[in-house]
Structure formats: structure tokens, C-alpha cells
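A.B. asks: Given next are the chains, with one letter for each unit.
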Amino acid sequence: MLSEVSSEAKSRQGSDDAFVRIDDVVKFFSSHSRDVKAVDGVSLAIRPGEFVSVVGPSGCGKSTLMMMVSGLIPVSAGRIEVRQQKVAAPVTDVGIVFQRDALLEWRTVLDNVLLQIDVRGLDRTAYEAKALALLKQVGLSGFEQSRPWELSGGMRQRVSMCRALIHNPSMLLMDEPFGALDALTREQMNLDLQRIWMEDRKTVLFITHSIWEAIFLADRVIVMSPRPGRIATEITVDLPRPRRLAVRESAEFGRYAAQVREQFQKFGLLVEG
Amino acid sequence: MSAIEMSGSAVRTANEAKKSPRARAPFVYGVGASLAFLAAWELFVRLAQVSPLLLPAPSEVLITIGMNFSLLLQMSAVTAAEFLLGFLLALIVGIPLGAFVVFSRPVRLAVYPLLVAFQTIPKAAVAPIFIVWLGAGMTSKVLIALAISFFPIVIDTVIGLRSAQPETIYLVRSMGAGPLKVFWYVRFPAALPAIFGGLKVASTLAVVGAIVGEFVSADRGLGYLVLVANGELNTRLVFGCVVMLTVLGTLFYGFLEVAEKFAVRWHVSARQLEGLDTGH
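If you read the sequences in order, they're chains A and B.
For the first sequence, the residue numbers in this note's numbering are 1 to 273.
For the second sequence, the residue numbers in this note's numbering are 1 to 280.
Read the hints as simulated data drawn from the structure, not as lab findings.
Please note that the accuracy of each hint is not assured.
Simulated pairs of lysine to aspartate or glutamate, EDC-like, Cα-Cα distance not exceeding 16 angstroms [to be verified]: (1) B:K261 <-> A:E234; (2) A:K266 <-> A:D238; (3) A:K136 <-> A:D118; (4) B:K200 <-> B:E260; (5) B:K181 <-> A:E234; (6) A:K136 <-> A:D192.
Which residues of chain B face chain A? A few of them, derived with a C-beta cut under 7 angstroms, are [what the hints assert, rightly or not]: (7) T168; (8) K181; (9) F188; (10) F255; (11) A259.
A few chain A residues facing chain B, derived, Cβ under 7 angstroms [said to hold, decoys possible]: (12) P90; (13) E105; (14) V119; (15) R147; (16) R255.
Beta carbons are placed, not taken as given, at the ideal position from N, Cα and C, and that holds for glycine.
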């Protein structure tokens, strides 16, 4: 059953029903008359409902890639399409989670989740029950009226996840969302994210520098080279879901991790002995 | 997860326990120090037998205020109207000007150097020109108060509007917000702590501006009364005026503090004052 799904998915890869299509995208940043090439000729198609992790060293342009998909920063060359529509302005059918939780300190936890609704001009009362349910789902019942500064880093990032989900977007963009959290909280957040994602399988672009996090969560792992960022290799992860933390100790998982590590060693990013 | 929740609520109860003694402390310390200062002053004047022409005792100043209370109130009302109007105008001009400086490059390049140049002019030196232009009435005082107090409001508005986290702005834009909504939901609230900082500095400057104006030329107001009393060697009344000015300034400042507390209770500075900072 699972292998059927994945083989069907593989056959669709590259066809026209991609949810996100990144086509030979280049990004320059200019600072003081010096141009820095951050992303160099990246092409990638993400299927609807696919969970794609992008892993790479710091400064490889993986966050820039995500920002270009969101339409919040423009491409220098190439083309990005979301649902066959060229991205030329901020994409709004999306939930974004950054490494910094970006909560508004002057709003309560509940109001931070409902910011999404307020800014979009939707009916607040219609979404309040859903916001409460989402907060409950991530273990934040009783904190609805708390201020962000009363919460721990992990709790704050849970709130920002709820904010990214409240309007039921078809795509999630996550830029190292758990990068600032301690190891234990991070593992819990990975499990929570997997559970939430499995409920309705949104299309996810997940940026991380953690090899095991990338493999644990994703259907497909994209490995990027150091700057200027190019796609070095991609690995289809064929592990049954829901995945448990212990999957990391399996031989299969180890093989996937070794493939990623091998790339990093090739770039001279990892040197042993 | 439950461990995280527990530590969160533990922090809260610890803060609630801490809150009450801290809330009492500022009041006790402030009043105590003031009383001690006044007592030392009174004692010094009486023991050293200082001439009341040089330095009247606090008790004498208090009696003088009591005897001239209606006059002092009248003059206070004039001066208060001057600096309040000047401050209000500074606020109305300063905050939008700060916003323009942040959001428009041409305005920034054109206005900012002028603004700084204008600020370096000592306002007291040009106060006589304001009187020549606008007469000895209230208008000149209001405009001097405006001129002297609007700069910190502009500067702090600029600092505040630039202080929002880039991620929050990206996020709100991904929700379909244009510049106005970004301003309303993110930039302006994020700027409020800095703006209040500017307003508090401006409030004290506005009082100075009104007095400077009255010193140059006026026929009413506390500054005017200081000059008259000084001319008559009525040092007690001079001190009485100073006390009235202090009371006015403190009330004004206090009002802004209360407004600030309501508007930006979420900010770090307010949290620390309330002893509620959890250290996150």
C-alpha cells in the first residue's frame, strides 16, 4: 500500500500537477556594489501533499529559496510557480513558521493565533473555536490569555505553528522552525508536526540544517551545496508513517543519513579523522 | 510537554508572590526621600539663619503658596495651557513626521538634515524672534514649546518604527497585508514604547519652552510671575512659583506614565517595573 503510493508519486514527479514549481531560479544579493550569488540555478517540483525538507550548510541559500517561494522576496532570474500561477507577489494561501517565533508581544496567545484572521479580514468569531482547538492540540490549553513573554521558547513556537494553521492553508513554509529549541523540545515538536501534517497532508517546504530532522519528517530530502546554493542531490525517504523517534536507529534511516553526510563530506563541510 | 507547562506556571506563581512588596516599595522610598530632603532644608535654613531673601524655608514657601493660592492657580492655568498645547502640537507634528522619515526616502533625505540643523539651534536664543513675529500673547509661547519639544518625538518615532522584527512584517505580508495594515498591526504597536520615551522627554521640554517664552515677554503665567516676584525681591513667591511648576510638570509626566502603562504593558520595561519579567 505504502510502496504503491510512493511509486505512483514518483511517476508523477516532474509532471504538470506540481504544487510548487521552481525553475532555474537564481538569487543575487547586492551589498556595497558587490553582488553575492545566494542561489544558483535551482529547479525543483513539489507535489501536492508532499513533505519536502531542504538541508544544507549555513548560508547555502535554503532560507532564501523558501522566501522566494513565499513571494516575499523576488527571484533574480528564473521562475517560481505555485499552483501553476507565477509568483510575483506574496503568496497568501500559506502558513509560514520562522526560526524566530515572531509573536506579537502585545497580543495574547489566542490573539496571536487569530492575527491571521484579523489581518485577512475574516470573521473572528467563526475561527475562535478552531484556534482554541489548535492550541489544545499542541498542549497550550489554559494559556490562551497568557502573553507571549510568559511562555517558554517551545511553547511560543507552538503558538506560531497554530497561527500558521488556523486559516487552513494548502501550503506550509517552515524556515528552521525548531532551530532555536533545546534537543528534547525539538524532538517533541517533530512528532507534533508529523501528527498535524498527517491529518490533512498539506504541501510542506521545510528548511533545516539538521540531517536527521530532515529525513525524519520528509518524503523527500533536498541536499544543497554551500553558497552559491545548488541542489547537490535529492533523496526519496521511503519510511512508513507515522514514524517513531526510534526509526532513527534503523538501518534504513542510517543509510539515508549516510547519503546526506556523504554529500557534506564531498563539499569539505564534514572532515573526519 | 507537561514539564514545560509546569515550569511555566511555576514562574507565574513565583512572580505573583514577589509582586506585593515590590509594588509598595516605590511609594515608600519616594515619599521618604522627599520628606527627608525637605526636613534637611528646613533645618539648615533655621539653624544657619539664612536670609529669606536668599533661601526661604519650605514652611515659609508653603505659607506663601497658601496666601497667594488663587493668583498662583490662575498663572498655573495659563502656563499649563501653553505647554499642553505646545506638547499636543509637537505630538501631532512629530509622530507623522517620524513616520514620513521612515517610509519615504525623499522625505528622509530632504527633511532629516534640516531637522537636525534646526535642533542644534538653541531655542532660547530665537525665542525673542517668535515674540516679534507672533506677539506677546499665548501663541508665541505655544510655538516655542512646540519648537523645543518636537525633536525627541520625531527621533523616537523613527527609532520605534524601525524596531519591528523583520519576520513579523514578512508574516503579516503573507497574510495579504499592504503597507497600511503592516503599519497598523506591527510597526505602530512595536513603536509605542519608543514613542512614549520621546513623549516623556518632550513633556519636560514643553514646560521649559513655555517658561522661556514667558521670560522673554508676557503679562501672565508662572514664568512671568517669577520675573515679577524676583524684581520685588520676593524670593518666597519665586519659590512658590517653582513649586507650582514642579507640581504641574510631575502631574503631566505622571499622566504620561499611566498612559504608557496602559498602552505598552507588554513591553520589557513595563514588565521589569512590575516585577513580572520571566527572563525569557
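A.B. asks: Please name the hints from earlier in the document that this structure breaks, with their numbers sorted from lowest to highest.
C.D. replies: 1, 2, 3, 5, 9, 10, 11 and 16
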